[in-house]
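Could you fit the two chains together into a complex? Lean on the hints.
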Amino acid sequence: MRDKHLIEGIAAPLDIANLDTDQIMPKQFLRGIDKEGLDKGLLWDLRFDGEGRERAEFVLNRPEFVDTSVLVCGPNFGCGSSREHAVWGLQQYGIEAVIAPGFGEIFYSNAMNNGLLAVMLPMADAAALLAQACDSAVPLRIEIDILERVVRAGGQESSFALSDRHQRMLLDGLDMIGASLTHASDIADFTRRHWAQQPWVRDVARRTKQRLERR
Amino acid sequence: MNPRTLYRKLVDSHTVARLDEQNVLLFCDLHLMNEYTSPQAFAGLHEKHRAVAMPGQNVAVVSHIIPTHATVPRVIRDPASALQASILKRNCARHNIALFDTDDALQGIEHIIAPEHGMIRPGMVVICGDSHTTTYGALGALGFGIGTSEVEHVLATQTLVYRMAQEMRIRVDGRLPVGTTSKDLILMIISRIGAQGARGYAIEFCGSAIDALSVEARFTLCNMAVEAGARGALIAPDAAAIDYVLQRAPDIDSSMRTAALAHWSTLNSDACAMFDVEHRFDATDVAPYVTWGTSPDQAIPITDTVPLVEGAHEGSIAKAMRYTGLEAGMSLEGLPVQHVFIGSCTNARIEDLREVAEVVKGRRVAPNLRAMVVPGSGAVKAQAEAEGIAQVLIDAGFEWRQPGCSMCLAMNDDVLEPGQRCASTTNRNFEGRQGRGAITHLMSPAMAAAAALAGHITDVRQLGALHA
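Chains as they are written, first to last, in numbering that gives the first Met the number 0: chain S, 0 to 214; chain V, 0 to 467.
Isolated chain V, as found in the complex (with noise of 0.2 Å):
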């Protein structure tokens, strides 16, 4: 057989049938559902009188329009979001659909959830009604995001139509400095190779850097490969990854691990496989990144000023600057936040959380600052308060609150005015998308830490400095 990449292993094994050059029928092992992506997939699926073909492959979560505020329990009060909330719950029991809901002690994000509770087992194909699907490929499962219809045709059949993507290698090698994360290197990437650098292809991200990932930043990694247009984003899963699984996923007894040991370990490209497109980084050349723009690849190193574009685009460059009250030349260093938030499926889990304790204990949040920290996860939110950090949190002064998707998309009750410049966690800063005129710049988790301390955009290398 032809030497192949792991892209196309997990194709293979999952191609029910090939459809013809472009498109094959692949069984899909897990589906994740929201609230707000699956209510017409259900009413399509009710008028034409389907049935879900295998419902104990599917699995749903309120996420997005849940409030996120301290009170229990948990209430909707948008009537129109209690609504979708309560069609889920309908849906769910109509069609023996397990369903993290409302005031499940356990719900959380999609993405941090299913994770971290054993759900995604290397070699899986997983998607679910959200971009962000992409994150499985941490643990070597091919996972990406998918619309409506084909949501309701994953209910329908458990496979979907799949026109095969590209394939791209990114290499990185070196060791990420001191102060820096896979956040900084995914900006980084995104940044040079542009928002739709990706786009058609899916990623196999390699080398020596991202074996010294943790699988959860790994997540975080392969969560933002969709800014770059990503289809996919994968890692072949190693024995890192495969203790992650393991030890969350009790049902893969003695009975079934040699079987599943030796599967996982045929996952990674082979030798000579070939990408159609390669792309090599050097991670000692990560620094703290942060966006300048409206877009994920409009991204600088701390250190770096706004750039100066000319020529194509121009004009979406300079509205992008309207929009953020930035110049060509300007330095992100010292420009004042009025809000932080760390949260959502990109910078949620319990290693983002400690890094954010970590830059902030025994500190104060600045003064006329709203500062929020959302955890990905009832489980996250229990182990934050169970290790502490929650406390030093909270006497940071940062608000602690309950899990969910939040102000990453603004779809509950957690929106920035006009005009507020938020440091954020999250994976877009689109024209609005924390709220209507409002300024979302993107860095990590220990980045909007220390932005929340300062009251500005800082370079939380610095800030260590300042306070030895």
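Pulled out of the complex, with its shape left as it was, chain S reads as follows (with noise of 0.2 Å):
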């Protein structure tokens, strides 16, 4: 087994700007109530065509990127939709890390979330290694240290910022809940406070409901 802190394997390029979490995950594949069965539906028309074939000039249908573990993409990638089935759909798929100049806000959070390492490098680097990624004749590989936080790949090293408590998330999987009902009586005291200050939010959406049913 890999050590935990190392991310390393097949790069795909996904040279698309702002692929959103619609193309990412479509609608069709968002009507469960698990999260079951979403590597189906990864970059499903993308990967697919209008008859449920598969499109063999799309990269990850190529024979040499079957065992891809890492996403070289453009900027912006995972805009739009919250949908977290675009993350679980990732994770099923086989891909343990998605490199970019930047992703959609929600996005970014629900990987690191899932344990989906999102690698935000510079703009330049991440330009540059999309386009190795693109020309390498054979699928590139890429190594990625959270430890480190530097993406290698081809004798190049690039750095990329990730915040400690993500960095920790990623390495030990930390449950953010229970984390954070550790400061249960925080809560408590601050709600307290805070009700107390403005009454008019406490109770607000079971006071608005019952209300409307009495109309």
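It should be emphasised that the hints constitute simulated quantities derived from the structure, not laboratory data. Check before you lean on any hint, since a few could be wrong.
Claimed, not checked - Below, a list of computed lysine-lysine pairs in the DSS-like style, where the Cα atoms sit at most 30 Å apart:
1. S/K3 <-> S/K34
2. S/K3 <-> S/K39
3. V/K360 <-> S/K208
4. S/K39 <-> V/K318
5. V/K88 <-> S/K208
6. S/K34 <-> V/K47
7. S/K208 <-> V/K8
8. S/K39 <-> V/K8
9. V/K47 <-> V/K88
10. S/K39 <-> V/K88
Below, the structure is given as structure tokens:
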């Protein structure tokens, strides 16, 4: 087994700006009540044609990319809808990291909350890496070191920003809800004060619905 | 104390604990849920045997999957979608959470029903498993979308681990020209700053053009700020915003009104507060905007032509043009549409429908074109019927449907066919958003109405003159 702080594998290039979560996980795959089966829907319209046949030319359908574990992408990856299904689908497909010069904000949080590494590289480094992945005769192999916060490929090394908190979550698999629940008494104290100052926000959902039902 | 922005005041007043340099534990006053981003959150909660911390601060609605056919009672025929609705009902019953169910007369789109019934109050933090939660900034409430893991976190703690945003101020002065709306304004802003122009930022909108907007027009503006990547979009609440809330929140009675007004009067940025970035726009530059591509920033005034883009991301631009069947230099004026959709959390409020009725009154929808109006909520629908707007639309040849998200994201059975071109009052023109291979042109309700009458995209200002 690999070291937990290292992600190493084949990187597939997706040279598309603003690749939104509607494209990453289309609507027809959002009808579940669990997280299962989302690998099937990943990038559906890019992977398959209107008749459901594989598009041979699409990078993830090429035989040499069958073991892809990293995506190298254009700017603003994962913009749009908040659907976490996009992250679940990437992971179920076998993607461990996505590299881009920038991510949709909600996507980025969703990725970190699920242990999918979103590597935000400076624009020039990201563009160079994408070009390298596109131009490479054989699939580019990439190593990402979460501890060192560096991406290594083809003898080049680029640093990326990753908050200490997200680094810990990736390495230790932090139970965020469990951690927040240790603040239970702080939350209770806060709520008492908050509702004393702003009683009109207390139980606002329940009270509104009850009022509407009395009409 | 240092001068603070409105955003900072909202975050500070909801900070339960400071976790590190970037993150706080943020209290959330109201959490809205829908049927498709919540089931896995409830499942996670149940698996860990955790309770819902504060059920009275949570509300749910069936909005995305619900069919909008004019049949009563409303039946969800798709078995998977029906299961999502029934699971939501079960989860809400189990945890004592208020629910606007499938057949509730007041059911509608989350971001329309929450403010229209007075649930959104200035100074609140409001979150929802839906990106368009930025809408509530129009009332001086910090709203933003979250993922399902965070939905679970809010259910369990009524808080979020919140990474602070950077701050951007967008000032818009001047008057919006006749025939333009806040939809045109936000499309212009997004086209200028880009689809990631506000990524990482909470925006505060200000200026005389913003002050002059109705509250509903402000919802449209803040709603689409997320299409520039914004993590929030605020407007300091003024008399218009406060009137809007007080008219809809009778529980804020005389015993607390003075305190509420005093608190709300503090909800603005201090005079010397610093923003990381500032933009200025002139409202007189706004024209009816229409998107030509597959990203909301690919928008132009109807009087312009599709731009020639060279250099970085040329490939993505070319891909967008291939998808929409357009080329640089082409005009959108005269481009035939097969469908018109008027609806969504962006533009399905009563003022939007009044604007549509104004344009179509006494006229007919073009032949061979399907035009749908999906009101944002049961209350909007009832009001439009009471005002005679519904009849105007029906007489003109529009389908008058039941409320829901509908063809904005086409999760229900309102889906376009490949190759169909749609004039749409929605918020996203992504590839396949309204149906695989279907092409979406975002625009204002008045512009969509004009397209419905003409059978092609056209300048609503010219249409008015033709019929004068």
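Results for each hint:
no., hint, in the structure
1, S/K3 <-> S/K34, "24 Å, holds"
2, S/K3 <-> S/K39, "27 Å, holds"
3, V/K360 <-> S/K208, "36 Å, violated"
4, S/K39 <-> V/K318, "24 Å, holds"
5, V/K88 <-> S/K208, "15 Å, holds"
6, S/K34 <-> V/K47, "17 Å, holds"
7, S/K208 <-> V/K8, "29 Å, holds"
8, S/K39 <-> V/K8, "44 Å, violated"
9, V/K47 <-> V/K88, "20 Å, holds"
10, S/K39 <-> V/K88, "28 Å, holds"
The structure fails to meet hints 3 and 8 from the earlier list, while all remaining hints are met.
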